[in-house]
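Chains A and B are the protein sequences, given in the same order. Numbered by the numbering used here, the letters in the first sequence go through residues 1 to 249 in order. Numbered by the numbering used here, the letters in the second sequence go through residues 250 to 661 in order.
None of these hints come from the bench; they were simulated from the model. A virtual CB, placed ideally from N, CA and C, is assigned to each residue, including glycine. Mixed in with the good hints, there may be bad ones.
[Claimed, not checked] Computed list of lysine to any residue pairs in SDA-like fashion (alpha-carbon distance at most 20 Å, straight line):
#1 A:K148 x B:L281
#2 A:K145 x B:P252
#3 A:K233 x A:R213
[Said to hold, decoys possible] Quick list of simulated restraints, FRET-style, between CB atoms:
#4 B:V557 x A:D126: 51 to 57 Å
#5 A:E134 x B:M604: 53 to 59 Å
#6 A:I84 x B:A610: 54 to 60 Å
#7 B:S532 x A:G20: 50 to 56 Å
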Amino acid sequence: MAEYNDALTLRLEGIRKAYGVGTPAETEVLHGIDLILKRGEFAALIGPSGSGKSTLLNIIGLLDQPNQGKLFITGQPTELLKDIELTRLRASEIGFIFQFHNLLPAFTALENVMLPRLAELGHPDDEMRLIAAELIEKVGLTPWKEHKSNDLSGGQQQRVAIARALVMNPALVLADEPTGNLDTKSADSVFDLMREMNKTNGTTFLIVTHDPRLAQRCDRIIEMVDGNIASDKENLNVLKIGDNNTHIS
Amino acid sequence: MNPLFPFEWIVATRFMREGRMQTLLIIGGVALGVSVIVFISALISGLQSNLFRRTLDFQAQIVILPPEEIARPLRGLNNQKANKQESVLVQARAQRLRSIDQWQKVRDQLLLMKNVTVVAPVVSGAGFVIRADANRAITLTGIEPENYLRLIALKDKIIAGSANVTSSDILVGIELAKDMGVSMGDKLTLRTASGGTATLMISGIFDFGNKGQNQRAVYVAFRTAQSLLNLAGGASSLEVNVADPFSAENIAQDIQAQTGLKVESWIATNAQFFSALAAQSMSNTIIRFFVGLTAALGIASVLVVSVVQKSKEIGLLRATGTSRQQVLRIFLLQGALMGLMGSIVGSLMGWGFLMLWRGIAKNADGTPLFVINFDPMLFLYAALGATVVGTLAAMFPALRAARLDPAVAIRG
Chain A
1 MAEYNDALTL
11 RLEGIRKAYG
21 VGTPAETEVL
31 HGIDLILKRG
41 EFAALIGPSG
51 SGKSTLLNII
61 GLLDQPNQGK
71 LFITGQPTEL
81 LKDIELTRLR
91 ASEIGFIFQF
101 HNLLPAFTAL
111 ENVMLPRLAE
121 LGHPDDEMRL
131 IAAELIEKVG
141 LTPWKEHKSN
151 DLSGGQQQRV
161 AIARALVMNP
171 ALVLADEPTG
181 NLDTKSADSV
191 FDLMREMNKT
201 NGTTFLIVTH
211 DPRLAQRCDR
221 IIEMVDGNIA
231 SDKENLNVLK
241 IGDNNTHIS
Chain B
250 MNPLFPFEWI
260 VATRFMREGR
270 MQTLLIIGGV
280 ALGVSVIVFI
290 SALISGLQSN
300 LFRRTLDFQA
310 QIVILPPEEI
320 ARPLRGLNNQ
330 KANKQESVLV
340 QARAQRLRSI
350 DQWQKVRDQL
360 LLMKNVTVVA
370 PVVSGAGFVI
380 RADANRAITL
390 TGIEPENYLR
400 LIALKDKIIA
410 GSANVTSSDI
420 LVGIELAKDM
430 GVSMGDKLTL
440 RTASGGTATL
450 MISGIFDFGN
460 KGQNQRAVYV
470 AFRTAQSLLN
480 LAGGASSLEV
490 NVADPFSAEN
500 IAQDIQAQTG
510 LKVESWIATN
520 AQFFSALAAQ
530 SMSNTIIRFF
540 VGLTAALGIA
550 SVLVVSVVQK
560 SKEIGLLRAT
570 GTSRQQVLRI
580 FLLQGALMGL
590 MGSIVGSLMG
600 WGFLMLWRGI
610 AKNADGTPLF
620 VINFDPMLFL
630 YAALGATVVG
640 TLAAMFPALR
650 AARLDPAVAI
660 RG
């Protein structure tokens, strides 16, 4: 067993999750997952549909509770936390990027980035506007920051989502098929942006993807099959930006 | 984003603006409901105060009479001694016209009571007016104008002459004047059953708007009536007005306890009128309740749909650090705002309806059919009520939104 360590962003011990507990249709989708993510890692979580990737991601993101096992976020145990404490921990330590519907259409790009800070502090202020504007600048959307999110392209929306995921300066960003909805070119640029944020901020990323091409660009590839981690290895030949013509099947 | 507004307010108003059509429709619905409530309430309260005024204009709020005379059989004393019971049949006594014993003292005592505003001694009894071969039965009331005219709106009903009767004057109704063929300044002979006779000059003619009263009511000076009814120095009743007409019954009971006299309040003598008022108030309450319920259901259904439509966004908010309580407040606030905005629009609409009504509902002579009160508090209550109803109506959808499982909501 690993000791608690600041350098550990995430530690999972024997996570089990079943649906329909107590009914004849009870199915266990995670069969005891152990996983450690160190600070600054950029890991891909791959696997076929139904292998439990999303369930695992929801549990790590504190959106769902495991039936068994322990989960530590930056060394902090989570099993005894109440809903409000989970919300706070999630707000401060975890950023989310989803495949669809990442943004609230009633708000502008800039406001969407501000929202997590706004929810935490209660009132808007100049500081959060400044932080959000800086992030919008970093993701290259300053000219679009006052646009409503529905007026942005899919790639732009995902960039805003990345900015929003980072606005609380979290330890971990969870991305669920962040480029699944984009054409290759946009997917590449969104992916590159995440990579860049990982490098410059030292934020840990865990990216669920179906796209082996993108997985090959991550430092570590964790593969799930049928609710177990089938393989977990360092990716020694990380493909560089621009190696678009490489295909791995 | 205005820094003055909290997070929940910002999200709630954005959500409402986003679902513009739904928001406008439900605000319209609430507004219609509130306008009906405002209109009906103002109408009914106007109607009631009108009826109320008409009732109290013509009668004192409290009337104090001498205690009824009862027959006291003197037999049976011997039998009682012999421990025997005897049942006796006693005929009730006829009530003759009597004065209140020491009515001046009672009056002074009443005037010392707080809430009592006017005390007027009255002598009244039956009589006839006679002119040539014609005679009519009348009810004679002897008044002290300086007190009595503060008690009853007689002055407003005078159509000719003046209400200030002196000892040789008589006030008659318009019907009686017609029947007797007399007008201002003519003389009428008055005779009572106790034998008093006087010939008085008509100094005023009144119209109570009621044929019976216009035929039968006759007012003369207090002392004139005393001598006509053979009640020298006496007063057959004391009539009292109090500051708050609705406390009349309680005050009447106090007076009865203090004086031992027979005391009747207008509330007791107009039980029918009160039950009619109560029925009206009840129907108003029922209308308010059902209109309120309809508005509440409308708000609730709009918000339920909104929660379903926005479940992904709610999940997203939850994933990005919004607590359950914040989500709950976002939706409660939407309900409250819909109620409040609906009530503001509705109050204006209701006010418009009332204006329109005032233009339509007129007497033949162009005066309003009855006065409608614009009570600004009604609008305040409508706004408050609608806000509370909106918040309560939002409770169920808001709880649903707060309980959404973000993982499920985002997945859809």
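Under the criterion that the straight-line Cα-Cα distance not exceed 20 Å, is the pair K145 of chain A, P252 of chain B satisfied? holds, 19 Å
Does the Cβ pair S532 of chain B, G20 of chain A satisfy 50 to 56 Å? holds, 54 Å
Does the Cβ pair V557 of chain B, D126 of chain A satisfy 51 to 57 Å? violated, 36 Å
Is 54 to 60 Å respected by the C-beta to C-beta distance linking I84 of chain A and A610 of chain B? holds, 58 Å
Hint check: K233 of chain A vs R213 of chain A, CA-CA at most 20 Å. Holds or violated? holds, 16 Å
Regarding E134 of chain A and M604 of chain B, is the given constraint of 53 to 59 Å on their beta-carbon distance met? Given a distance of about 57 Å, which is inside 53 to 59 Å, the answer is holds.
Between the alpha carbons of K148 of chain A and L281 of chain B, is the straight-line distance 20 Å or under? violated, 33 Å
Taken one by one, the earlier hints fail for this structure at numbers 1 and 4, listed in ascending order.
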